[in-house]
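The listed protein sequences correspond, in order, to chains A and B.
Here my numbering is used: the first residue of the first sequence is 795, the next is one more, and so on.
Here my numbering is used: the first residue of the second sequence is 143, the next is one more, and so on.
Quick caveat, the hints were computed from the structure, so don't treat them as lab data.
Glycine included, C-beta positions come from ideal geometry on N, C-alpha and C.
Check the hints yourself; a few may be wrong.
Unchecked claim - So the derived label-pair ranges between C-beta atoms look like this:
#1 GLN1128(A) to ILE293(B): 36 to 42 Å
#2 GLU1122(A) to ASP325(B): 57 to 63 Å
#3 THR207(B) to ILE1133(A): 29 to 35 Å
#4 GLN1128(A) to LYS147(B): 25 to 31 Å
Said to hold, decoys possible - SDA-like mimics (lysine to any residue), calculated; alpha carbons at most 20 Å apart, straight line:
#5 LYS1099(A) to LEU1140(A)
#6 LYS341(B) to SER1373(A)
#7 LYS1370(A) to ILE335(B)
#8 LYS1366(A) to GLN333(B)
#9 LYS1376(A) to LYS341(B)
#10 LYS1366(A) to VAL1327(A)
#11 LYS1099(A) to ALA1089(A)
#12 LYS1376(A) to ARG344(B)
#13 LYS1379(A) to LEU345(B)
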Amino acid sequence: MATGNDVREIFQLKASDQVKRVHKTERKPDGISRELYGLIGNNVSTVAFNNPTYKPKLNVSKKAVNWTWRPFVNPSRDDDLILHHWEKTRTDPNEEYRFYKFNKSINLISFSPEEYTSHLKDPDWTMEETSYLWDLCRRFDLRWVVIQDRYEWPPQEADRLALQYYNGNNLVISENGANATKKEGEDTPMKDATAAVSGSGDSSVKTTPGVDTSTTTGATTAATTTAATTTASGSKPTAATASTSKTVANITPAKTRSMEDLKHRYYTVNRILTKIRMSDASQAVEKAQLLSSMAYDKNREIERKKNLEILNTRTPEQIEEEEALYLEARRIDQNEKKITRERENLLRLLNTRDIYGPGGPTSAGLAGQVGVAGGGPGTGIIIPSNSITIPSSSSPSASGAAGGAGGSSHSSANGPLSPSVGKGGAAAATPASAAAASGSTPKKRKKAPKGSVQADDSAPPTPTTATSGGNALKGSSSSNHRRPSNASDGPGGPSSASAALPPPVVKKEKLTPGAYLRSQKMTPIVSTKQQRVQSALVTLGLPFKPAMPTATVMAKWDQVQSNIVTLLDIKKQADKLESDLKVVKMRRGSLGSGSSGSSSAVASAATGGTGGSAGSASLGSNADGNFGVKREGTGDESGTPGPVKKKKRKE
Amino acid sequence: MTSIKRMKGLSLARPIIYGNSATPLNGKKGGDADHTHRWTISVRGVNNEDISYFIRKVAFKLHDTYDNPNRVIEKPPFEVTETGWGEFDIIIKIHFNPISGEKPLTLYHHLKLHPYEEDGLGNPWPKQKPVTSYSYDEIVFNEPIDSFYAILQENTTSNVPLKKTPHHQFSLQAEQEEVERLDKALKTTAQEIVRYREKCKRLEAELATK
């Protein structure tokens, strides 16, 4: 082995005074053996090899095996090559070559030209190209990646042999009989090549007419088709053939075929062939199975691969973004349920909508045409409603669970809660109903007498008479156990209870599941107004509740009640205006006249006009009845009643 | 609960008549001051039709001075007959067919034993004529469960009788009359509203000018 010195000598280099590389090892510490230190100390070697101190016991019982030099044949080969190898003598010499079983190949369905011309024609594919594809598939065992990579059609100039090969395999008989490159059954390339080359000119290639005639039928059609295809694909004159040649595989720029194209063609041909060959009914099942295995959708595949590509080429930022979005969406979904639950709870507490219906007290009765589908009191009245929107559809189930079939335990549980809620609700109802009214539409009010308003809060209005007392009790208890189901009511609830929520989708009728008595579902009247409403009813000659509460009757009843309420409100307003007007007139009158006495007398007793005759200029404007000094006839009506009353009391 | 399917958007009603009728007992038959009347409180369908297909049982809660004040009647006729002297409120709880999945409905009825001063014809109430107090009402099932709905459909109620007769106080005619009354009231109120609105407008205009 050449050492450094030798090399230097060869190259005639000066021996440089090199630093002697000293392999400085650490000194082995004292106390432990060298071997041990080598295993556990500082300079532990990475590979610890185990030098067995023993050798395996020599097995002397086995006898020596005889091996013989034997010839063998590999059936995978298609020639008759005979090779030799060593084999144990004992094995059977006729045993199949052990690697033969691995010589598997795909069994392709192949088509005949007749089949091709009758079934498999495709505008985009020539028979030649198709057979080329078939050949590739066979050679590469249907490994599409390789096939697609190797695919070169039409074969380029460089591959002249392939060119002739493929040309030779076709039955191309030109119409003129000019250049026939037909080699049916003759697929030895050599022969074709020579034939093609020599047959460049004219009919010299028309070698075996006999062969031709045997396949004339197919041939002619093949010829025509190929003729067509050749013209279609543009004639590609081979170097050898003349311009009039009708050979197929001329040199043109190779058509690029995508893998999907190839696969599509392959599977299409296979499907068609399967269909043709298995037209027998008894093979239906098998056929179906086969066909299903050959289902190939080109467009879908293209899409799928595109998508995969996109998926594959996501940047890390994109991936993270997607993950984050997904998590967000999940979170939102979960929270959605929580939010709706909280919403319903809120409604149950607030419950303002229930009391007054969607539109508030005044609109509660504007039910007008409630969709009563005919029928008198005796018939079961079915009231179809529009389709229920999603929020409401979820809540009836919730409310159904809450109030519907829950059983009496529910009602008792809600019993203690509801009365107070009801009362609080009633009180809050008036201001809230104004807010509710803004958010609702007339259509929803329609439903008011039906089922939506069920908190019959005639309970809070103190029952005075026996009948109304009965009603009140009825109302409260039934409303109590109806309340939870209604509170979680769908569209109406969320909308009105909290103004922040968006206005609901209008539903013609809002139904809450549950059973109730019709007479108990009257829209409640505020307790303060109840008295006056009742007296109004008396004036109109109506009982305090209808005698025969059928659907129509109740609808009209609600209308009447609302009308009465409206009427009372308007009356009140009118009265107020009147009194205001009077006061203003009074003051104006006194201002105008300047004479205190008359005007003060006119001003009526309310002013307590004793000595309006104060007369002094400073008080002139206030001459009518000792108004507060500060009120210098400002004509400020709102303040009028107050001081007047005060003055009256003082005097 | 989610497995129960309700017929969304549907509403069915069944009319019932409930109330009591009372006859005075003449003193002889063990009638003492405590049992001056025999009365019967009942819940039935109009025309006495069968309502047991949707009512499973009716529980009448009588006054505590009665033994067993909770009388539960589980098959038709859903009524309780008793003797007594006083008028009180009876709590009627109607339990529906369990298929309906509805909670029991509570109604109240004031037991009426003593007649008004006059009957409809202006004569003082004859002594032995039974005193009745019945109310008509309709039980509305909103969004019934579909199996219950099927049951309800099978048993359509008979119609309320057309005319008012001495026996049938609730009839279509009565309903019609009520409707007419209500309509009249509606018209009146509407008119009044219009009138007052006008007045308001006028007054406001006046005020504005002042």
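Please name the hints from earlier in the document that this structure breaks, with their numbers sorted from lowest to highest. Hint check: 3 and 5 fail, others pass.
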